[in-house]
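Trainee: Listed below, chain by chain, are the residues.
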Amino acid sequence: MLHAVFLVPLFPLVGFVVLLAFGRRIGEPVAGWIGTLAVTGAFVSACITLAGLANQPAHARTLTCSDACGTGANAHSFFTWIAVDGLHITAAILLDPLSMTMCMFVTGVSMLIHLYSIGYMKGDRDFTKFFVYLNAFVFSMVVLVLANNLLVTFVGWEGVGVCSYWLVSFWFFRDSAASAGKKAFIYNRIGDVGFLLAVFLIFSKTGSLTYVTIFAHSHLLSGWSITAAVLLLFMAATGKSAQIPLFNWLPDAMEGPTPVSALIHAATMVTAGVYLMCRVNPLLALTHNAMWVIAIIGGLTAFVAATIASTQQDIKKALAFSTVSQIGYMVLAVGTGAYVAAIFLMVAHACYKGLLFLGAGSVIHGMETEQDMKRMGGLRRVMPWTFVTFLCAWLALAAVPPFSGFWAKGEILANVYAKSLPLYALALLTALFTSYYMSRIFFLTFTGKERWKDPAPDGRPAHHRPHESPWVMRAPLVVLAVLAVFAGAANLPWVHVGTLQNWLAPVFGHRLFDSHESAGLQVGLAVADGVVAVAAALAAWFLWRRTVDRPGLEPTFLQRVWYWDNLYDALIGRPGQLVARTYAVVVDGRIIDGAVNGAARLVRATGSGARRLQTGFVRNYVLGIALGLAAIIAFMLSRTWWS
Amino acid sequence: MSHAFPYLTVLVLLPAGGALGVVLLGALPGVRRVVLEWIGIGVALATLGFAIAMAAQFSTGTGGFQFVSDHAWASGVGVKWHLGVDGISLFLVLLAAVLFPIVLAGARTRSDARSFVGWMLLLESACIGSFVSIDLILFFFFFELTLVPSYFIISGWGYARRAYAAVKFFVYTFLGSAFLLVGILVLAFLHEHQTGVLTFSLPALEHTHFAGATGILLFLAFTAAFAVKAPLFPFHTWSPDAYTEAPTGGSMVIAAVMAKLGTYGILQFDLRLFPQASVDLAPLMLTLAVVGILYGAIVACAQRDLKRVVTYSSLAQMGFVALGIFAFTSQGLTGGVLLMFNHGIVTAALFLLIGWIYERRQTWQVSELRGLQAPAPVLAGVFTVAMLASIGLPGLNGFVSEFLVLSGAFLSHRWWAVVATFGVVLAAIYLLWAYQQVFHGKVDLANSRTRDLSWAERVVIAPLILVIVFLGVYPKPVLDRITPTVNGLVAQVEAATHTRQPAVARSGVAGAEAAASGRAGR
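Protein sequence lines correspond, in order, to chains A and B. The opening position of the first sequence corresponds to residue 1466 in our numbering, with each subsequent residue numbered one higher. The opening position of the second sequence corresponds to residue 6 in our numbering, with each subsequent residue numbered one higher.
Don't take every hint at face value.
[Claimed, not checked] Partial selection, computed: residues in chain B whose CB lies under 8 Å from chain A:
(1) Val176
(2) Leu186
(3) Tyr300
(4) Ala307
(5) Ala379
(6) Val390
(7) Leu393
(8) Phe415
(9) Leu416
(10) Ala433
(11) Ile434
(12) Leu437
(13) Gln497
(14) Ser512
(15) Ala517
[Unchecked claim] With a Cα cut of at most 20 Å, we get these calculated EDC-like pairs of lysine to aspartate or glutamate:
(16) B:Lys447 x A:Asp1589
(17) A:Lys1914 x A:Asp2034
(18) A:Lys1918 x A:Glu2019
(19) B:Lys447 x A:Glu2019
(20) A:Lys1884 x A:Glu1833
(21) B:Lys447 x A:Asp1591
(22) A:Lys1587 x A:Asp1919
(23) A:Lys1839 x A:Asp1591
(24) A:Lys1839 x A:Asp1919
[What the hints assert, rightly or not] Between beta-carbon pairs, the in silico distance windows are:
(25) B:Gln370 x A:Thr2012: 48 to 54 Å
(26) A:Ala2035 x B:Val296: 25 to 31 Å
(27) B:Gln370 x A:Ala2035: 27 to 33 Å
(28) A:Asp2030 x B:Gln370: 28 to 34 Å
(29) A:Val2050 x B:Asp485: 29 to 35 Å
If you're looking for bench data, these hints aren't it; they were derived computationally from the structure. Model, not experiment: these values are computed from the prediction. Built from N, CA and C at the ideal position, the CB exists for glycine as well.
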């Protein structure tokens, strides 16, 4: 049964190739169904593999060194990729509870979003191309998750990056979309420098890039190099997972079609950084300094993004900052050593944030591409399915008990409380903002006056009556809503059998942070979370239920993302352009080329016929060479034949 | 070996014979240019066939020269018709053999097909001849011979400033070669002085001893020619003019094949003949390489002309090759050799596509191109693949070589590799910027009628795309053939200089453990 894991990447790969080759002839909507089917195949294969893995005794699910050598049950090798002397890299699968957990939710959510896209992308000029990219994305993501070594993970890592580039700039004729795609790729590329340097460093110290081998030889990474390696990998994670200082590509990425925002920029790809950190947790355990850096970056990102999300007007931008903030929580959990809590939130978040984006997409679809929440309002009557499912996601994200977000985030907060009180305070404050911004989004969109009936203040005409979406779009909403409500059951604190914690225990072992908190303290912290969530939601209800005009609560500083983009533009963008132009014009044109041409001119000036040198002379010279070479040949031939 | 089929002699002489045939046939009245073009393509394809047959018989186990043909020639002056191919030159021969048919089929000229095809085939002979010559005078002969057809191709079929570009290209590279000729002669006479035998054969000259700074001076003389040819920073200024003003086919073969003579010369001659000087001057060469990587990338960011973007990106890529070579590790050198091949394929694809854009729009200025993805999606898709290969996306060929170069350099010269890695970001910036300007955005009237790739054009470019993808996914066959030769080279350098590459490079985990226990023991 474990061999079904080979099919997980193969299904979307075949889908990609088939659609790339014949997609335009197949056309809409069959191409969409083929794409969906391919991902469904991957999901089913993942389920079969998962069942097989669950049947194994716990110790057989643990990583051991023998697996690295290919003798263990858990290493599945395709072929040798790069082999040069001491460097040996195979395209191989690492099958363990962590990679299978990721595989399950990646393929599961992808399947639902493929289905949804058949409805959402209906009538688009490039309908088939959308599914080509989407299948390529699923393939890359599965490679990222299943790789048994850092370099193959990097293949998936870059693969999802380039798919994200294609999909963000999918409507390439819009300049904003084209620029956003490029920005996403370049920000990720900056992080990738960290990934590559970490790979070089780890290889130079341990002689291997295979995870289990690295972990078995982690003692070869001495003090500074382990910290450097972890921080370099984390640098890559800040790019991919949109953390400070590389977070501001994600809101721009909302230029992509909404299913893309749901799949790539909320549920799956952006959590890859968190996955990578969990994957290399044995290295993290060796460097407390790096753990602190990770925790602080995560906490700060969660807070900063939550404040920004509280002031956005565009529904997708608000949700994007919410994603940044939620991933910040996951990173904070990783920095605390609470890996299971990070994965728990990742899975729950994939369900409810995917749902939120799909709901937003349903709204945008129903309102003919309107994304401004202040032009919405009162949609609960015209879009009942979207309303109910969005409600579930709202309560889950706001961490209102007993929805999934409450359990997942509660676990993180409890762990952070034991690690550091200041970080806990920051995280609790962030929780307040989280519940507030999510409730604001919900009330602005679904309750209150039906503002779409009126023309906009800036003169745009009133909207038609919004319509509910077709069943292919509603079905994924319902499935995800059920998951968003009940995903918390995967890891309830008082259950000790069959939980995510037990399932992932072999991966993290004793490295998992243990907060040693008493049951009473845990209940107390949970009550605090719940009270904060409900209070902030109520506050939002009072503030935003009826009115949309509260400039005091939407300071420009926050709306303009703490002026982060302006800062980068002033510090890097504009000086960079200046440097490039200076190099091109002055250094290359005047100095280096000038020296060469100057030398030539000097020679010419000393000679007599200036114009002859420019044209005739060289031509004669070339002919001279040709004749000279011919003479040499003739001479040599004569020596050969007559000697 | 003497009874085996003389592959190398055939590979060298066949295109030249084809060139002669085309020129003579073209002199007859009433021969249509299409006929001449097809004869040219046929000859180039036949050459490719022989090259593939040779590659198929190339044995992976050994690092030495294979298919050697060694004939006494001008024996009185020590010059021999001495040809051989090893893991380093094999893929450069293949590169030439793959690209020339594509150039002849895909980048035809409007005027005087007879001379164009003739010069192109002569250039193919000269390039292949340079790659397989083991006799230094023979090498120099072919090395110089490349200049003649290149000069006439640029000046005859180039664009507006072709005369200036051709002269500059010629004079600059010719001056570099002068140093090479002097170096070769001095080396041979030194060797004769020491052994009493006058020879220009590479294996024999490897045993020459140098006193004082002689080795360094000879290294510099050889490297002057090679650095100009490659080109390496700061000897590159002929290339922006030459690559831009040359016709599409000229840019392709000059940048992709002929320029490889520079880095090939460094690998095959500098390292083998002057190992001590190469190791002593490695910091200088590595610094030039890294500066070239960043400098080329930064200047590329400021270009407004597609051909110049690719030109400066080539400068950066050549820097990566040099970085891999002077790292003196198995990974770095193997990566450098592979990158020469990969860069040739990718650059040829990019220049060909840019040439096709020019055919449609009569411009390469990005300011005048816009939104081409809408009318020409296949062109955009193919361009994307070539661009991503150049950026170094894993799964495409560029990544494998770039990764090997950087990881190999990191093992022996960590900080140079660290700085060079940032070139990776810059490559994404200038190429994605160019792509956005040309292919994205709302298409205007002039651009909206851009024709997509025809079936003939798709057939011509398909081999390059296939190679890009195949070598990204499964580079093993290539690496298996390069590595034995590279290991021989490393061993040779190590034996001559008493340096050792890090144990990790040779034996992975075991090496890392040995190194660690060695440190602990001390």
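Trainee: Each of the hints needs a verdict: does it hold here or not?
Mentor: Verification of the supplied hints:
no.: 1; hint: Val176; in the structure: holds, 7 Å
no.: 2; hint: Leu186; in the structure: violated, 12 Å
no.: 3; hint: Tyr300; in the structure: holds, 7 Å
no.: 4; hint: Ala307; in the structure: holds, 4 Å
no.: 5; hint: Ala379; in the structure: holds, 6 Å
no.: 6; hint: Val390; in the structure: violated, 11 Å
no.: 7; hint: Leu393; in the structure: holds, 6 Å
no.: 8; hint: Phe415; in the structure: holds, 4 Å
no.: 9; hint: Leu416; in the structure: holds, 5 Å
no.: 10; hint: Ala433; in the structure: holds, 4 Å
no.: 11; hint: Ile434; in the structure: holds, 6 Å
no.: 12; hint: Leu437; in the structure: holds, 5 Å
no.: 13; hint: Gln497; in the structure: violated, 16 Å
no.: 14; hint: Ser512; in the structure: holds, 5 Å
no.: 15; hint: Ala517; in the structure: holds, 4 Å
no.: 16; hint: B:Lys447 x A:Asp1589; in the structure: holds, 16 Å
no.: 17; hint: A:Lys1914 x A:Asp2034; in the structure: violated, 40 Å
no.: 18; hint: A:Lys1918 x A:Glu2019; in the structure: violated, 24 Å
no.: 19; hint: B:Lys447 x A:Glu2019; in the structure: violated, 34 Å
no.: 20; hint: A:Lys1884 x A:Glu1833; in the structure: violated, 48 Å
no.: 21; hint: B:Lys447 x A:Asp1591; in the structure: holds, 15 Å
no.: 22; hint: A:Lys1587 x A:Asp1919; in the structure: violated, 28 Å
no.: 23; hint: A:Lys1839 x A:Asp1591; in the structure: violated, 31 Å
no.: 24; hint: A:Lys1839 x A:Asp1919; in the structure: holds, 11 Å
no.: 25; hint: B:Gln370 x A:Thr2012: 48 to 54 Å; in the structure: holds, 52 Å
no.: 26; hint: A:Ala2035 x B:Val296: 25 to 31 Å; in the structure: holds, 27 Å
no.: 27; hint: B:Gln370 x A:Ala2035: 27 to 33 Å; in the structure: holds, 29 Å
no.: 28; hint: A:Asp2030 x B:Gln370: 28 to 34 Å; in the structure: holds, 29 Å
no.: 29; hint: A:Val2050 x B:Asp485: 29 to 35 Å; in the structure: violated, 46 Å
Checked against the numbered hints given earlier, the structure breaks hints 2, 6, 13, 17, 18, 19, 20, 22, 23 and 29 and satisfies all the rest.
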